[in-house]
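Trainee: Chains as they are written, first to last, in numbering that gives the first Met the number 0: chain C, 0 to 635; chain P, 0 to 138.
Please keep in mind that the hints were generated in silico from the structure rather than gathered at the bench. It is possible that part of the hints are untrue.
[What the hints assert, rightly or not] Derived EDC-like pairs: lysine to aspartate or glutamate, alpha-carbon spacing no greater than 16 Å straight-line:
#1 P/37 - C/573
#2 C/399 - C/299
#3 C/459 - P/102
#4 P/136 - C/419
[To be verified] A few chain C residues that face chain P, going by a derived Cβ cut-off under 10 Å, partial list only:
#5 422
#6 432
#7 454
#8 459
#9 462
#10 576
#11 578
Note that CB positions come from ideal geometry on N, CA and C, so glycine has one too.
Read off the chains here:
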Amino acid sequence: MIKKTDQEQGGISRREFLGTSAAAGAASILPTRSEAAPQAAVPSNGVPLSLPPTDEQMARELGDTLPPSIMRAAQRPGSDLIVQVLRDLEIEFVASNPGSSFEGLQESLINYGEIPNVMPEFISAMHEESAVDMAHGYGKSEGRPICALVQGTIGLQHSAMAIYQAYHGRAPMVILVGRDDKHFLQAHTADDVAGIVRSFTKWDAHPVTLAEALPAIQEAYRQAVTPPCAPTVVILDTEVQKEEAGDMQVPVYVPPVIPTITEQQADEIAAGLMSAAKPRLSVGRFRTPEGIKRSVELAELVGASVETKSQVGPMSFPQSHPLVGPDADDESDYVLGLEASGAHAALHGPHLRTLTERDLTSINFGGIRPPVRPRRDAPGQNDLTADAEASLPLLISAVKRRANSKSRKTVVLRTRHHTDVNHAARLTAIEAALEKTREGWNASPVSTARIYAELWPLIKDLDWCIGGPSRFSSSHHMQLWDHDKPYSYLGGHPAAALGYGLGAATGAALAARERDRIVINVQTDGDFNYTPGALWTAAHHQLPMLTIMHNNRAWHMELMYVQYMAGVRGRGTDRAHIGTTLRDPYIDYAKLAEGYGVKAEGPIEDPTKLAAALARGVDAVRNGEPYLIDVITQPR
Amino acid sequence: MKTYADKLLMTVSGLLFLMTASAQVEFGPISGDAALGKTSYYDYGCYGCHGFGGIGRKNLANDVSGIMFREDIFLTYLRGRSELNPLFPTQSMPNYPADSLSDADALDIYAYIRTFKDDPPDVEDIPALKAILDGAKAQ
Chain C
0 MIKKTDQEQG
10 GISRREFLGT
20 SAAAGAASIL
30 PTRSEAAPQA
40 AVPSNGVPLS
50 LPPTDEQMAR
60 ELGDTLPPSI
70 MRAAQRPGSD
80 LIVQVLRDLE
90 IEFVASNPGS
100 SFEGLQESLI
110 NYGEIPNVMP
120 EFISAMHEES
130 AVDMAHGYGK
140 SEGRPICALV
150 QGTIGLQHSA
160 MAIYQAYHGR
170 APMVILVGRD
180 DKHFLQAHTA
190 DDVAGIVRSF
200 TKWDAHPVTL
210 AEALPAIQEA
220 YRQAVTPPCA
230 PTVVILDTEV
240 QKEEAGDMQV
250 PVYVPPVIPT
260 ITEQQADEIA
270 AGLMSAAKPR
280 LSVGRFRTPE
290 GIKRSVELAE
300 LVGASVETKS
310 QVGPMSFPQS
320 HPLVGPDADD
330 ESDYVLGLEA
340 SGAHAALHGP
350 HLRTLTERDL
360 TSINFGGIRP
370 PVRPRRDAPG
380 QNDLTADAEA
390 SLPLLISAVK
400 RRANSKSRKT
410 VVLRTRHHTD
420 VNHAARLTAI
430 EAALEKTREG
440 WNASPVSTAR
450 IYAELWPLIK
460 DLDWCIGGPS
470 RFSSSHHMQL
480 WDHDKPYSYL
490 GGHPAAALGY
500 GLGAATGAAL
510 AARERDRIVI
520 NVQTDGDFNY
530 TPGALWTAAH
540 HQLPMLTIMH
550 NNRAWHMELM
560 YVQYMAGVRG
570 RGTDRAHIGT
580 TLRDPYIDYA
590 KLAEGYGVKA
600 EGPIEDPTKL
610 AAALARGVDA
620 VRNGEPYLID
630 VITQPR
Chain P
0 MKTYADKLLM
10 TVSGLLFLMT
20 ASAQVEFGPI
30 SGDAALGKTS
40 YYDYGCYGCH
50 GFGGIGRKNL
60 ANDVSGIMFR
70 EDIFLTYLRG
80 RSELNPLFPT
90 QSMPNYPADS
100 LSDADALDIY
110 AYIRTFKDDP
120 PDVEDIPALK
130 AILDGAKAQ
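The task is simple: from the sequences and hints, build the whole structure.
Mentor: Structural data, given as structure tokens:
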């Protein structure tokens, strides 16, 4: 049986079902206990709340026993087929911190196939939160999933915050969860393991046989890449991983059908674009690079000016394209939004909110609020719930059908005009930004603007990606750099929660390593200290990730909040540093990085030493190794 | 007798006048100790928004703030919001009543802020910035 998130539960609520299931599950465990096991306290309803581990379970926890020999004797282990499913889906990596409920799958990952441990490659994470953040960074960079593999209950709880962040970030990923309900500690298993993260995952399943597990993983992949993209979960029992597959075959994967606009709607929008004097596209975030390619084709066919979001997040229109510019919406007589608001038509793929509404009556999502899509104008009758990327071929065809020699001439003239106007506007904006950037140029601590300004000449001709959030270092790249690739900037903390940057950048670096790309990560110190072990992953797997510490020695936003509150209450701000700063002692990030095997230098307080350090760092990552530069910076 | 609100209103009005006429106005004398003010500027977290040398989210270097024209304006500004909170609810600067930051300490901070000078090279004289500018022109 596969338990699905949206499955009807026979007329009872999910909460009621889970309660019933948990009680039944607890009872079913009882016969498997050894006779010598101590008895659990039994409350008045007769159902044990918890059972202490048996001697057998403790022995396994301590590594003193091996899996039963019959499981080791499988000629064709079920986990080999699971790996084959992942391989067929072209999942490049499985990021994982090892756990004692998926040794079957891990053994297959590293040993199965003619060329083992490739597609997917097992990536060693120091923490499950890092593993999921890596999947998050990779997913945003490439627009497709990799897997995180975690241990039931304990590993999944470690990863929960990162999953929550990925859910808000609409990052596609498949989370595989090992579950040992037979030989292991009760604290490590549960009847409904996925329930821990169900409030902020899109879909989950708990197949109980190998025959169910293989299509369940395919469905998890399909759900993860279908808008709204989000993490999905498959629980894999140890018995399923070790099951004899016999002559079982991997099922054929069927890609999802993505909802689009109709041909009639496409024709109406094409008519609006083609008849407008000043058409404009407002482009948000597509699912994959294919959406970008198609949006460029549409813009060039129409000669429309374009607003892009490529400076603030992934998968948007290339910033340096001649059609991109600041043409105000009110000067345009037809504005089409593609995963963004548009005055006359807007194509939005289904929002995450639809998932919440789907299950609201059955599980209430534990009070988790649905993510809100920021928009400049209220949704109106011109908003269409249809995936923009999948709809673009229809739009392009409709525009081509309407094109004639007159319209083509208009497009040429319009494009020429946009090119000139946008170039001038870009230059004006750059000049203003540079004037601002030179403020405090020689200041110590180093200005955050100088970090971005000194970096750009070193990387502008390389294939680069900003893997971690930049907001706390004031995002100077937005004004100074050109964001022309789907992955130029992967965006901020989607749930505004720390502990994400280093892991996400590491995930982006996994993609980069395979593609002759480098990853830049201007890393805030507060965020870094949640999961610094990701540095070891970068060293171990030789990832081209340049980490530049934005070391302001504080959780600075909170420092300012406490300052303000102390001020409002009139009690002085001179103790606001308590609990908000990273002083006494200062943290030596270069030493810390070296301890993890990452070449590093710093702390740098003298701004004149920054450029040479950055050049060394860029050289290192171009050679395929991570590098860290600790820079003592201005607060923001 | 003028109320504190009247005093503040007059000060703010004067402040606005001074800000509009800043190019013609001489800055007032300094009575505080800048060296002591440096410590207080750090301890009271002024650097959080104004940067370690007056270049931050809210710049203070090069005497750009009208609040800094005279010590009495500076003190009135610091105190006013704590007396009449929330007089300027949209401002994010904390309040500084006298019992949390003495006049003497505040004037030391004032003296330190007045030392802030920022004289960066021109864009054309900074290789990294010139490279960015040249790149933008060449596109």
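Trainee: Each of the hints needs a verdict: does it hold here or not?
Mentor: Cross-check of the supplied hints:
1. P/37 - C/573: Holds, because 13 Å separates the two Cα atoms, which is no more than 16 Å.
2. C/399 - C/299: 11 Å, holds
3. C/459 - P/102: 51 Å, violated
4. P/136 - C/419: 12 Å, holds
5. 422: 7 Å, holds
6. 432: 8 Å, holds
7. 454: 8 Å, holds
8. 459: Cβ of residue 459 of chain C sits 7 Å from chain P, so the hint holds.
9. 462: Interface hint status for residue 462 of chain C: violated (17 Å vs cutoff 10 Å).
10. 576: 7 Å, holds
11. 578: Nearest chain P Cβ about 13 Å off; hint violated.
Hint compliance for this structure: hints 3, 9 and 11 are not met, and every other hint is.
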